[in-house]
Structure formats: C-alpha cells, structure tokens
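2 protein chains.
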Amino acid sequence: MTRSEENYLKAIFHLGNGEPGPITTNAIAEQMETKPSSVTDMAKKLAEKGLVHYKKYQGISLTDSGTRTALSIIRKHRLWEVFLVKKLDFTWDEVHEVAEQLEHIKSEKLIDKIDALLDFPKYDPHGDPIPTKDGKFMERDKQLLSDMPINTQGVCVGVKDSSAPFLKFLDKNKIALGNTIKILDKEDFDQSLQILMEGKELRISHQIASNLYVKKND
Amino acid sequence: MTRSEENYLKAIFHLGNGEPGPITTNAIAEQMETKPSSVTDMAKKLAEKGLVHYKKYQGISLTDSGTRTALSIIRKHRLWEVFLVKKLDFTWDEVHEVAEQLEHIKSEKLIDKIDALLDFPKYDPHGDPIPTKDGKFMERDKQLLSDMPINTQGVCVGVKDSSAPFLKFLDKNKIALGNTIKILDKEDFDQSLQILMEGKELRISHQIASNLYVKKND
DNA sequence: ACCTATTTTTAGTTTTGTCTAAATTTTAAT
DNA sequence: ATTAAAATTTAGACAAAACTAAAAATAGGT
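Protein chains in written order, with the UniProt record's numbering: chain A, 1 to 218; chain B, 1 to 218.
If you're looking for bench data, these hints aren't it; they were derived computationally from the structure. Built from N, CA and C at the ideal position, the CB exists for glycine as well. Any given hint could be a false lead.
As the list claims (entries may be wrong) - Below, a list of computed lysine to any residue pairs in the SDA-like style, where the Cα atoms sit at most 20 angstroms apart: (1) K215/A with L177/A; (2) K87/A with K215/A; (3) K87/A with K109/B; (4) K106/A with L110/B; (5) K113/A with K174/B; (6) K215/A with G178/A; (7) K174/B with L196/B; (8) K86/B with D119/A; (9) K44/B with M1/B; (10) K87/A with D115/B; (11) K86/B with L118/A; (12) K86/A with I114/B; (13) K215/A with D147/A; (14) K113/A with K49/B; (15) K87/A with K44/B; (16) K113/A with E100/B; (17) K49/B with E19/B; (18) K106/B with H96/A; (19) K106/B with E100/A; (20) K87/B with K44/B; (21) K86/A with D112/B; (22) K10/A with H104/A.
Said to hold, decoys possible - Stretch-level coverage of chain A by chain B, calculated; a stretch enters the list once three of its residues show a Cβ under 8 angstroms from a Cβ in chain B: (23) 90 to 99; (24) 119 to 127.
Unchecked claim - Residues from chain A that keep clear of chain B, each with C-beta distances beyond 12 angstroms, as calculated: (25) G59; (26) D64; (27) K142; (28) S163; (29) I204.
Construct the entire structure; sequences and hints are all you get.
Structure representation (structure tokens):
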C-alpha cells in the first residue's frame, strides 16, 4: 500500500462520510488537490486491488476492505494528533500537518503502543472520534452551535472547520473543547449569537457558530 | 529533499565514518542494496544540489552541507530509537526498522520535543552517540571487548553489529549495556573469552566479543 | 608498458504518480 | 429529443528512482 493510495482512500472516506452513494472523480480531485485524470488512473489501480468499487463514469466508493484500510489510517492520524498535543505540547492548529506524515508509518505495534501510552483516547484534539483497532467508529451525538435554540446550553465538543486560522481564532478568544456555552440571544439580522461561556459573555458570528459542535444533551 | 536522497546521504556518511577520502560507487550500492548504476545517477543529483563532491570515477564524499543533512537524519533516527525503547517498551532489536521510517518525518519542532521528552539523551539504545541539533558528534571513547587484556574490566557501552539476531542473542544471555564485564581468561585456540559479568561467569566466542564495545576507562 | 579484471558510467527501459490536451460520456436545459 | 455544458476518461508525456546490458575508465600484475 503506497502513501498515495492511502491518501486517496482517506479522501474518499472523508467525502463519503455523510453522503451515501459513490463519490465523483472531480470531488476527489479537488480534495486531493490533483487533476481528475489522475483520480481516474488511481481509481483503476485501487479497483484492481479490491479497495474501491469503480465503474467508468459511475463514481467511486470504498469496498469493505477499502473502508477498513481508510479507518486504520484515520485511526493513526488521530492518535498521532492526540500524542502531539498531550505528550509534546503541540497546539491543535499545528498537529494536522505532522500527523499527515506520521499516519503513514507502517508498524502495528507502534500505533498500538501510542494508543496505550495515551490511555486509549476516544477523540482527537478537534473532537473527532478515533476509530478502534477493529474499525469501529463512534460518531458523537452532536450539533452545530448555530442550530441550538435560545436559552439552551451545551458543552463544546468539536470543530467542523479544523483549519489553522479557525483554530487560532478560537484560542485567541479562549474558546476550547469542554467549555460550556449558553445561548443568550440570537440576532435575526446576521444570526450572530450572544453567548455565555466560562462566566463571560461574548458575541460570535454565525460563521463561527456554524463551525462549532456542541454535545446534544437529551 | 526526498526520502531516497536522505537515505543515500546517510549511507555515505556511515561508510565515510572511519575511513577518510571518497566512498566508492560499489560500496554505496552494496550498503543501499541497490545497483552501482543507480548510485551514479543519484551521485549526479546530489552533486547538483551541493550535497556531495562527485567527479566521474573518483568516488563520492559529503560536502559540509551534505554532512549536516546526514547528521540531522541520524539524529532523528537515534532519538526515535530511544523514544521507542524508553516510552513504548520496544526492545532494542525492534527499533531500527521503525526508526528508518520515522527519521524521514519533516518537522523540526517534533524532533526537538521528542528530544526534550527523553531528557536529551546522548546515546541511542545500541550505544551510538546522538548528534546534537547543531551537528556535534561525540563519539565515545570505547574499544572492542575482544581487544581488552586479561584481568581488566570495563562497562559495556555499545554494539558494533546491531542486527536483530545479535541483539536477541545478547538479550538471551543477559548481556546488556551498562553491565560491567571482567576478562578472566582468553583461550588462545579460538580466542573465546571467559568473563565475569554481574556476578556470573560465562564463556563468549570471539565473534561476540568483537562486536561488543566496552568503555575505555582511564 | 601492456593487458586483463574490476569498477564505474552510459544508454535505454520500467514503474509510480502525476500532468495536459483531446476525446468521450453524462447531465441538464430548452 | 436535441444540444450545450460539465464531468470523465483516454492518450501521450514527464519526473523520480530504480533496473539491465553494454561501453568506458581505472587499477593491478607481469
């Protein structure tokens, strides 16, 4: 399994997560920052290896085997992210780039030991669930902060956008996973929110609220 | 800097360490388990980049820049080895293969944090010195056990052969770095040694003794 | 100094993963 | 149902890193 093959499987998995049915060639090309013709080439190779279903012009989807492989890479990526934050004091906006490299290290023992060292974490620094060794995936019951009604509250458990700029913005405004957030008011005009968080009131834009996940509590 | 280029620089460094002067194409090919023609190709590319001195038929040697790069890779390799042993309970015969992959991870912050996590170790699990961030290399003052005279003693500080079979043999016979070894007798016939180690007497072959380093004390 | 054996390089090919440009298929709109 | 637009695939090319086979250079022995 080459690095490039692994990256394709990961991309297909991410694109397919949520939407059912096959993924388009163009969508994969965009995700991978490559050209559609390259995607077609890779689709054929992955189909040969039984990792994807592929019929010309009909899009691409992961086989069970492909899904297992993708999950194992995502597992590695997210465990390394936790390692970097918990053991090496990386900030959550720094981990992605390095984890993109570490996820391709081939050693089952290594990742199992990292898992144990971290005490078998269930979520990565962005709140995304870490697949288990056997590919089980527990997506958390969560909703976007922007979808919460006024006067309800919830615990911040994840980000939708995990780009460095967004994460840095959150740090600067002391918004962190685990914080309890209460919606005080919603502005009709621009849908910005007045919130109470850790004892302080602040106003956040819809853009921000629609990229923050909050635990759905009963 | 590609992975392959890094591996060539590392190989050239290891071959050049000890012997002065340029390294032969064949020697590199053997070390890298590749063909001489491939080495020639790479020599040209590395020369282009100012990492090696190369003149046709005249052998290859590292430039200062090439040496710095090689040392940084060796530094990463050895730090990862220490990490695997100290933090993840790998045995010293298991670490090389994984470190061969980890040494190519590109993140200065990562390796500096690993260094700090390990409390800035000076030697790797096989007793080899770890280059500092600025490429300083402190080779330990050591000698082969086979070169020690009778009735002298020393502390075991390294292995010359760090292959898995040899390391496993040492484990099985409870020979570990840090042990104090006293030469009781040397057999003229096969140059095998009678030694006293950790309170127990045992006999080891010349083959073994010539692959164990002992600290040169006074 | 010459000849041979060894070493090294060159030339041409392969594989992997990418690209561009052209051709083809599908989709969607009228 | 046609047709234009969009998406996808094919064909051909390229770069990296390896290979094989053949050519060239060096080194050693007499």
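For each hint, the structure was consulted:
For a cut-off of 20 angstroms, the pair hint linking K215/A to L177/A stands: about 10 angstroms separates their Cα positions. Pair hint K87/A plus K215/A does not hold up; C-alpha atoms about 26 angstroms apart against a cutoff of 20 angstroms. Distance hint between K87/A and K109/B is fulfilled; the C-alpha atoms sit about 13 angstroms from each other, no more than 20 angstroms. Distance check on the hinted pair: K106/A and L110/B sit about 18 angstroms apart at the alpha-carbon level, within 20 angstroms; holds.
Proximity of K113/A to K174/B is assessed by CA-CA distance (about 25 angstroms); at most 20 angstroms being required, the pair is judged violated. Simply put, K215/A and G178/A have alpha-carbon atoms about 10 angstroms apart, close enough for the 20 angstroms limit, and the pair holds. Taking the CA atoms of K174/B and L196/B, the gap is about 12 angstroms. The hint holds against a cut of 20 angstroms. Using a Cα cut-off of 20 angstroms, the hinted pair K86/B and D119/A holds, with the two alpha carbons roughly 17 angstroms apart.
As the CA atoms of K44/B and M1/B are separated by approximately 14 angstroms, the hinted pair is consistent with the 20 angstroms bound. At most 20 angstroms may separate the alpha-carbon atoms for a hinted pair to count; K87/A and D115/B meet this at roughly 12 angstroms. Among the hinted pairs, K86/B with L118/A is consistent with the structure: their alpha-carbon atoms are about 15 angstroms apart, no more than 20 angstroms. Using a Cα cut-off of 20 angstroms, the hinted pair K86/A and I114/B holds, with the two alpha carbons roughly 12 angstroms apart.
For the proposed pair K215/A and D147/A, the alpha carbon gap of about 12 angstroms is at most 20 angstroms, so the pair holds. Our distance criterion of 20 angstroms between C-alpha atoms is broken by K113/A and K49/B, whose separation comes to about 39 angstroms. Restraint check: the Cα-Cα separation between K87/A and K44/B comes to about 42 angstroms, which exceeds 20 angstroms; the hinted pair is violated. Note on K113/A and E100/B: the hinted pairing holds, with a Cα-Cα distance of about 18 angstroms set against a maximum of 20 angstroms.
Restraint check for K49/B and E19/B: the C-alpha separation of about 24 angstroms exceeds 20 angstroms, so the hint is violated. The suggested pairing of K106/B with H96/A holds, with an alpha-carbon distance near 13 angstroms, which does not exceed 20 angstroms. Restraint check for K106/B and E100/A: the C-alpha separation of about 11 angstroms stays at or below 20 angstroms, so the hint holds. Restraint check: the Cα-Cα separation between K87/B and K44/B comes to about 41 angstroms, which exceeds 20 angstroms; the hinted pair is violated.
A C-alpha spacing of about 15 angstroms is found between K86/A and D112/B, which places the hinted pair at or below 20 angstroms, so the restraint holds. Between the alpha carbons of K10/A and H104/A the distance comes to roughly 11 angstroms, so the proposed pair stays at or under 20 angstroms and holds. Note: the stretch 90 to 99 of chain A has 4 residues with beta-carbon separation from chain B under 8 angstroms; the three-residue rule is met and the coverage holds. Against chain B, the stretch 119 to 127 of chain A contributes 0 residues with a C-beta closer than 8 angstroms to a partner C-beta. That does not satisfy the three-residue criterion, and the hint is violated.
For G59/A, the condition that its CB be more than 12 angstroms from all CB atoms of chain B holds, with the nearest at approximately 33 angstroms. Interface exclusion of D64/A from chain B stands, the closest Cβ pair being 27 angstroms apart, more than 12 angstroms. With 12 angstroms as the threshold on Cβ separation, the claim that K142/A sits away from chain B holds: the shortest Cβ distance comes to roughly 30 angstroms. For S163/A, the non-interface assignment is confirmed: its Cβ lies about 18 angstroms from the closest Cβ of chain B, beyond the 12 angstroms cut-off.
Look at I204/A: its CB is around 30 angstroms from the nearest CB on chain B, clear of 12 angstroms, so calling it non-interface holds up.
Violated hints, in rising order: 2, 5, 14, 15, 17, 20 and 24; the structure is consistent with all others.
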